[in-house]
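Quick mapping for you: the protein sequence lines, in order, are chains A and B. The letter at position 108 of the first sequence is residue 108 when you use this note's numbering, and the numbering goes up by one with no holes. The letter at position 17 of the second sequence is residue 493 when you use this note's numbering, and the numbering goes up by one with no holes.
Do not take every clue at face value.
[What the hints assert, rightly or not] Distance windows between CB atoms, simulated:
#1 Thr634/B with Glu471/A: 54 to 62 angstroms
#2 Gly79/A with Asp660/B: 36 to 44 angstroms
#3 Gly663/B with Lys168/A: 18 to 26 angstroms
#4 Lys478/B with Ala74/A: 42 to 50 angstroms
#5 Gln631/B with Gln243/A: 48 to 56 angstroms
#6 Ser257/A with Ala632/B: 55 to 63 angstroms
[What the hints assert, rightly or not] Far from chain B, some chain A residues (derived; all Cβ distances over 12 angstroms):
#7 Asp8
#8 Ala70
#9 Ile109
#10 Ser218
#11 Asp242
#12 Gln243
#13 Gln335
#14 Gly336
#15 Lys369
#16 Glu440
#17 His465
Keep in mind the hints are simulated off the structure, nothing from the lab. On a predicted model such as this, the values are computed, not experimentally measured, just so you know. Glycine residues also receive a C-beta, built at the ideal position from the N, C-alpha and C atoms.
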Amino acid sequence: MAGKTLYDKLWESHLVELRDDGTALIYIDRHLIHEVTSPQAFEGLRLAGRRPWRRDANLAVPDHNVPTEASERAGGVAGIVDAVSRLQVQTLGDNCQAFDIVEIPINDIRQGIVHVVGPETGATLPGMTVVCGDSHTSTHGALGALAHGIGTSEVEHVLATQCLIQRKMKNLRVRVEGQLTPGVTAKDMALAIIGTIGTAGGTGFAIEFAGEAVQALSMEGRMTLCNMSIEAGARMGMVAVDQVTIDYVKGRPYAPSGALWDQAEAYWRTLHSDADAVFDREVVLMAEDIKPQVTWGTSPEMVLPVDASVPTVDGQADEVSKSSVKRALEYMGLQGGQAITDIKLDRVFIGSCTNSRIEDIREAAAIAKGRKVAANVIQAMVVPGSGEVKAQAEREGLHTILLEAGFEWREPGCSMCLAMNADKLGSGEHCASTSNRNFEGRQGIGGRTHLVSPGMAAAAAIAGHFVDVREFGGRA
Amino acid sequence: MKPFGELNGLAAPMDRANVDTDVIIPKQFLKSIKRSGFGPNLFDELRYLDEGQPDSDNSQRPLNADFPLNFERYQGAEILLARSNFGCGSSREHAPWALTDYGFRAIIAPSFADIFHSNCFKNGLLPVVLDADVVSILFDEMYATEGYRLAIDLQAQTVTTPSGSVYEFEVDAFRKDCLLKGLDDIGLTLEQSPAIRAFEEKWRAASPWLFDVIK
Numbered sequence: 001m002a003g004k005t006l007y008d009k010l011w012e013s014h015l016v017e018l019r020d021d022g023t024a025l026i027y028i029d030r031h032l033i034h035e036v037t038s039p040q041a042f043e044g045l046r047l048a049g050r051r052p053w054r055r056d057a058n059l060a061v062p063d064h065n066v067p068t069e070a071s072e073r074a075g076g077v078a079g080i081v082d083a084v085s086r087l088q089v090q091t092l093g094d095n096c097q098a099f100d101i102v103e104i105p106i107n108d109i110r111q112g113i114v115h116v117v118g119p120e121t122g123a124t125l126p127g128m129t130v131v132c133g134d135s136h137t138s139t140h141g142a143l144g145a146l147a148h149g150i151g152t153s154e155v156e157h158v159l160a161t162q163c164l165i166q167r168k169m170k171n172l173r174v175r176v177e178g179q180l181t182p183g184v185t186a187k188d189m190a191l192a193i194i195g196t197i198g199t200a201g202g203t204g205f206a207i208e209f210a211g212e213a214v215q216a217l218s219m220e221g222r223m224t225l226c227n228m229s230i231e232a233g234a235r236m237g238m239v240a241v242d243q244v245t246i247d248y249v250k251g252r253p254y255a256p257s258g259a260l261w262d263q264a265e266a267y268w269r270t271l272h273s274d275a276d277a278v279f280d281r282e283v284v285l286m287a288e289d290i291k292p293q294v295t296w297g298t299s300p301e302m303v304l305p306v307d308a309s310v311p312t313v314d315g316q317a318d319e320v321s322k323s324s325v326k327r328a329l330e331y332m333g334l335q336g337g338q339a340i341t342d343i344k345l346d347r348v349f350i351g352s353c354t355n356s357r358i359e360d361i362r363e364a365a366a367i368a369k370g371r372k373v374a375a376n377v378i379q380a381m382v383v384p385g386s387g388e389v390k391a392q393a394e395r396e397g398l399h400t401i402l403l404e405a406g407f408e409w410r411e412p413g414c415s416m417c418l419a420m421n422a423d424k425l426g427s428g429e430h431c432a433s434t435s436n437r438n439f440e441g442r443q444g445i446g447g448r449t450h451l452v453s454p455g456m457a458a459a460a461a462i463a464g465h466f467v468d469v470r471e472f473g474g475r476a
Numbered sequence: 477m478k479p480f481g482e483l484n485g486l487a488a489p490m491d492r493a494n495v496d497t498d499v500i501i502p503k504q505f506l507k508s509i510k511r512s513g514f515g516p517n518l519f520d521e522l523r524y525l526d527e528g529q530p531d532s533d534n535s536q537r538p539l540n541a542d543f544p545l546n547f548e549r550y551q552g553a554e555i556l557l558a559r560s561n562f563g564c565g566s567s568r569e570h571a572p573w574a575l576t577d578y579g580f581r582a583i584i585a586p587s588f589a590d591i592f593h594s595n596c597f598k599n600g601l602l603p604v605v606l607d608a609d610v611v612s613i614l615f616d617e618m619y620a621t622e623g624y625r626l627a628i629d630l631q632a633q634t635v636t637t638p639s640g641s642v643y644e645f646e647v648d649a650f651r652k653d654c655l656l657k658g659l660d661d662i663g664l665t666l667e668q669s670p671a672i673r674a675f676e677e678k679w680r681a682a683s684p685w686l687f688d689v690i691k
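Working from the sequences, and respecting the hints, build out all of it.
Dropping the structure here:
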């Protein structure tokens, strides 16, 4: 009999019931909650007269709507200027109180983007099933957890039953072999994978990221990689537990200690695919071939190495591709054949659940050090992923480097990744962004998003247009 | 949930691949704490010429005359014809809420994104997967025929065109049953409470570090 994949092991360990029709009841260990996708779920519980099944499985934190300007932030929930946003953040607090759920409030140092907060506090641990009403919940798979986004009906379902009705996914292993070259990061790896398999390439699959280059990544890098699984169509992405995972988890506030730690660690070390495990599909990339990536279009699969040129409509094979490239070029205001490095930037955003961890801030600061943001860049903002990341960066003096270079240094939140708060692009503006989606209007109506790594974003801010970070110098 | 059995409805186009949930319902409308009222803002950025806000009076806003859902011939449509990977991106259930609030009851496409696909079933919205070539035929026929209606029979798992062509589709048996009967998932799962409790006790004994930590 063939061995088991990491996903098989995580699935089987949480199986409450497997039905004849192939659907299964899966137990959920951790449910993370934020203000945007939860109010209707709590309302559903209220209407049906139901209570949460297990309160200690839940942890809530507001992130999508929170202001990132220090002055507005200082006023707490009551200080949020946008009345609709304020009501939503307030409603989260009210619901958590009514249903006895622990909430990290807006100006607590632990507050931040839910996918940064989970691993950082130890609320997310290896071997868990983790869900949240947010598609980037795949991030938590970096710890060797089975983690994925759910809709609001499922948020209500998990609250009420601690379970989800699911059907097992197929197994896809993406191996990145060899070593990344200097200046190339987990973000470039994620974009290169999406460029290879497409935005629907992972649909129906659970992805395991493996191979020498993945194992060489830090936990922060693995989170960046797993975060973008959903941009490849896969609800979940994961990385096997190894020493890097164990070292990261140790000492986190919600992680076990003492004898429980030893027991947990012994179990966590079994969380990897068996040598003879069979995958339904396997994709292999060579790390040496991956260059810094830049998206040019309106889907994450519209991505190219920084030294390439924007594609032409005529170069497309079929009518559907021709029309989507034509539409993307028009929306992005680009000419087919134009060099990526000729794209000028109006704004730069360094942040989001993809790239707002300490390593990302360090990467940006190393490029910014002793330099100035170009005159044509209206705004370059750095939004740390949590209060803890912000405090750590400030201890290292990174904020001073960034501020001296002309970057803004903000309070933690989702910010311009999806522009639900005041941070957004104007129509027609080009933005070098470390976030995860370059969809039309995502960062503001008419806004033009180019997805890049933090180093590439910082270098673009300094140069005023895209440049190859590897030729830019100044890396740490 | 509203049950879904048979539908004979007018079809309308969303003729491009990778339609994401940001396009289906833009972020500014996600600030609502309600489940209803998203229909007027479905495809907001494509449908209107100005920038919509949650407090906008949509009846006073300038419509984009080039957007098919604004065409007279597609008014009252209940079936959306779409291309591959429909509903990709954000997990927001506001997307199916907006589609159903507008009046759609089924979407036909060559493929759907996983989370969106699952969210549809929770809201009585049927996602029908047909072969890309078949979807192209339906698009062509729809463009050529004003008042183009399709008949969808969930029990039989068929889509029938006005000329009588019948296309079969696959659907998960459990989801089909829930949709046919309009069943509430949570109520069904709670019937399994003893099994959940038994699992939980076993799991607590095996992994005590997962319990009673956040309090």
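Violated hints - listed by number, lowest first: As far as the earlier hints go, only 16 is violated by this structure.
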